[in-house]
Amino acid sequence: MTNMNLYSRGDKMFVIMNMVLIGLFTLSTLYPFIYIASLSMSTGFEARAGNVILTPVGFTLEAYKQVLSEPLFWSSYMNTFIYTIGGTIMSLLFIIPGAYALSKPQLYGRRFWNLVVAFTMWFNAGLIPFFLNMRDLGLLDSYFGIIIGFAVNGFNIILLRNFFEGIPQSFEEAARMDGANEFQVLWKVYMPLSKPAIATVALFCIVSRWNGFFWAMVLLQDEEKIPLQVYLRKVIVELSDDEEFATSLLTAAYSVETVTAAIIVCSIIPILLIYPFLQKYFSKGILLGGVKE
Amino acid sequence: MSNDPDFTGAGGATTEELVFDAKEAQRRRKPNTMQRVGDHLKREWQLYVMLVPTILWLVIFLYKPMYGLQIAFKDYSIFRGVANSPWIGLEHFQTLFGNDQFIRALKNTIIISFYGLIFGFPMPILLALMFNEILKQTFKKTAQTIVYLPHFVSSVIIAGIVITAFSPSAGIVNTILGWFGVDPVYFLTKPEWFRPIFVGTGIWQEAGFQSIVYLAAIAGVSPTLYESAVVDGASRWQMMWKITLPSILPTIIIMLIIRIGNMLEVSFEMIILLYQPATYETADVVNTFIYRQGIQGGQYDLAAAAGLFNAVVAFVLVMTANAISKRYSRTSLW
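Top line first, the protein sequences correspond to chains A and B. Just so you know, we're using my numbering here: the first sequence kicks off at 1 and counts up by one. Just so you know, we're using my numbering here: the second sequence kicks off at 1001 and counts up by one.
Just chain B, same shape as in the assembly:
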């Protein structure tokens, strides 16, 4: 039997048939890519039906404008459209960097962000630490309810309040100054007052709400740390500085990195509402410059170039911030 040339394996198949079967089995196990995708789609098509609208929306409303950004390098005319307008290279960028208004806007953006960082960043941390020290729960809840509120109020309303409160004739600020014999000041027309008012308004509106992140971090601090500190006779003041604050330091650092990453995102909606030609010199930021030149002035290509510059710098800042915080916290921000 062993030297039978027509040796047949199990089931009576010939060698050739066996080889064929093995190939067939392999073919079935590893179908070609087309078939695999086809099978997958047949089984999971519903998932793609769910995904397609979102992706299409992103392409139409966010990715198509990115394609439209090429007008930053073109002499754009409405009649020729994005694709057919002639290329002019970096001319718009040269114009921008020779434009005093753009340079001023760039400078103002950085200065206003910087003020916001110095005065606005510590405030929510301080508030969270202080909220944490309040023992009366009803007092704490009431206070939190009130300080979170301005976050949900629109910038038009906030601007309306600011304009009314700082008005020279009727405003409460000038009324109070009047008690001390100070003549009415028309604050919103004074360049030197714009940044303090704008940054102060931002802190008033957001500090309370931003403290939520830190309160959550404080809630995660182990109670045993405080218990042993109490046994050692530590005062509340000492516990706040030596236990609570160091424990939330990682959160503080991550928030700081994000904040720096978003440096260029000055809330320009509020600036549009509060500034006027008299205060442009201290108030005009890159996005308000783009709004005036582009949407109000119709210089779309030049304004798009300013926007591209802004977006690229912002992208680099955000990416760097994410990379740093990844290294620091071992978790990415998204």
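Okay, chain A solo, but in the shape it has when bound:
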């Protein structure tokens, strides 16, 4: 299949056209990121005038200085780390033992418990009852509320349960002979064998936590507690609505656009750092859990 001599001229044309089209699509995916990065390093004046196309115009790091000098930026960045790390650990503490128990045939009412999990994927009470419930539980404006309130997700449980079910019984027999209890079997036999599946679930959690904004916006009123994404939204919405602010910046070295771009760059960097892992495990995860959008 890789021997190019086998192909006719038509085939060569096809292969080249195909590469050109894929190349164009790839560039169109990449371009907005390059544009934002360049914008963040341009002067406010050039950005306002629409002179930034591909590379920074009038190179300056003023926008970053502005962003990094804002205490709310740092506190929201910290908060995002707290929600991401705390939330992911919380999720794994619930999901791993839960999925393990559900994978065991001797569990009484196993079909019923599985249905209890799966039903939450098909039917959702919706925004309002969830919100009122969080309020009734006293979890508004609370770090703990954000961390616990989104810990479990039916899809992740089923993904991990399927993986556990695929591990042959014979692996745990030796451990059971030695008198290991369920917790030891899970810890010493299943966890090491399931590293890719657990990594996949952990990465799912990390990405959804890092990127999550809607519920953080709804549940957190206290500015001290908001995560980065909510802060970014505030900047975008409030700065662009605030004409006075926008005009006062006309002469400054930075503008609404360059400041927004700089925050975007700052918040993408951690995702880029873990991206190699994401790419490795996510495609596996999609296929492990069956098809799900």
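By construction, these hints were calculated from the structure, which means they are not laboratory data. Honestly, I wouldn't trust all of these hints.
What the hints assert, rightly or not - Reference excerpt, derived from the structure (chain B facing chain A, CB under 7 Å, subset only):
| id | residue |
| --- | --- |
| 1 | Pro1065 |
| 2 | Met1066 |
| 3 | Ala1143 |
| 4 | Ile1146 |
| 5 | Ile1172 |
| 6 | Ser1222 |
What the hints assert, rightly or not - Calculated lysine-lysine pairs in the DSS-like style (CA-CA distance at most 25 Å, straight line):
| id | chain 1 | residue 1 | chain 2 | residue 2 |
| --- | --- | --- | --- | --- |
| 7 | B | Lys1141 | A | Lys12 |
| 8 | A | Lys280 | A | Lys195 |
| 9 | B | Lys1064 | A | Lys12 |
C-beta: ideal position from N, C-alpha, C; glycine also.
Dock chain B against the given chain A, drawing on the hints supplied.
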């Protein structure tokens, strides 16, 4: 010996004793349910300790709100709470279906989903077919790495990019239009531009990542099919249309069914970030309507009714989709 009335069986037990033994053995073999459950729990209690937190979490955070859904049929007041608010039957539903904004939101949800389906569904299939035809592995890997990336970027960032790029003064889109002598357009305030921008952004963000499913299906196609086609002198173009595409058709159909099942799940987070009062007429969907009426406006009961309507329709769609795909593929989606 044979007519000895006190005939005793083996071990010297009397008939009565034997009968008693048999009953005892049966009792031991089939302990009553209570005892059986007790024994089981004594042996397997650790499994239940592992299961309970997850189930409790689901009950507290997902099933309790389902109980709370009853406010859709009640005149809910915060002070009375869910259980003590008075029932008012279907009043909220009558209000909703007489509400132009709700009808508009319903219409917009369907139209936006439909655009997403028509323009967004074929894209990842096309991409997967094209990726499959790339012979240079380094080129392929690099391109894939780049097109998967937007999937992992948050909707706030994507919205920030869109708002910046389409801005009337500084945005690149208007700069380019300016080269052709077009006056700046404030795209995000124009109702007619909202759907193209929203659907286009969705495709830009997700098409690459969604192609993974199809690439996996293509990887499963038997190489012998291509080998014999090459012997028959088929071109790559012909092989793509006549072997690859038909081979992944089952995957395509299942993905299509799932997609239709999730019709009502328009990514409203992105809409909240991109829409504004000027574009509500084309942008407002059911979930953004619920957000504005309920969480921002405090009309919890009415908004919950809209949510219940949404959830029931979505449930029916998903269940139907699952049943159809079960019949089609003989395997359920979950």
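Would you check whether Ser1222 of chain B satisfies its interface hint, that is, whether its CB is within less than 7 Å of any CB in chain A? Check failed: Cβ of Ser1222 of chain B comes no nearer than 13 Å to chain A, outside 7 Å.
With chain A as the partner, please determine if Met1066 of chain B meets the hint condition of a C-beta pair closer than 7 Å. This hint holds: Met1066 of chain B lies near chain A, its Cβ roughly 5 Å from the closest one there, short of 7 Å.
25 Å Cα cutoff - pair Lys1141 of chain B, Lys12 of chain A: Distance ~21 Å between Lys1141 of chain B and Lys12 of chain A Cα, so the pair holds.
Grab the minimum C-beta distance from Ala1143 of chain B to chain A and call the hint holds if it beats 7 Å, violated otherwise. holds (4 Å)
Against chain A, run the beta carbon of Pro1065 of chain B and see if the smallest gap drops under 7 Å. holds (4 Å)
With a cut-off of 25 Å on the C-alpha distance, tell me whether Lys1064 of chain B and Lys12 of chain A pass. violated (61 Å)
Hinted pair Lys280 of chain A and Lys195 of chain A, Cα distance within 25 Å: holds (13 Å)
Going by Cβ atoms only, is Ile1172 of chain B closer than 7 Å to chain A? OK, holds: Ile1172 of chain B within 7 Å of chain A, min 6 Å.
Min Cβ distance, Ile1146 of chain B to chain A: is it shorter than 7 Å? At 5 Å from the nearest chain A Cβ, Ile1146 of chain B passes the 7 Å test, so the hint holds.
Of the numbered hints given earlier, the model fails hints 6, 9; all others are met.
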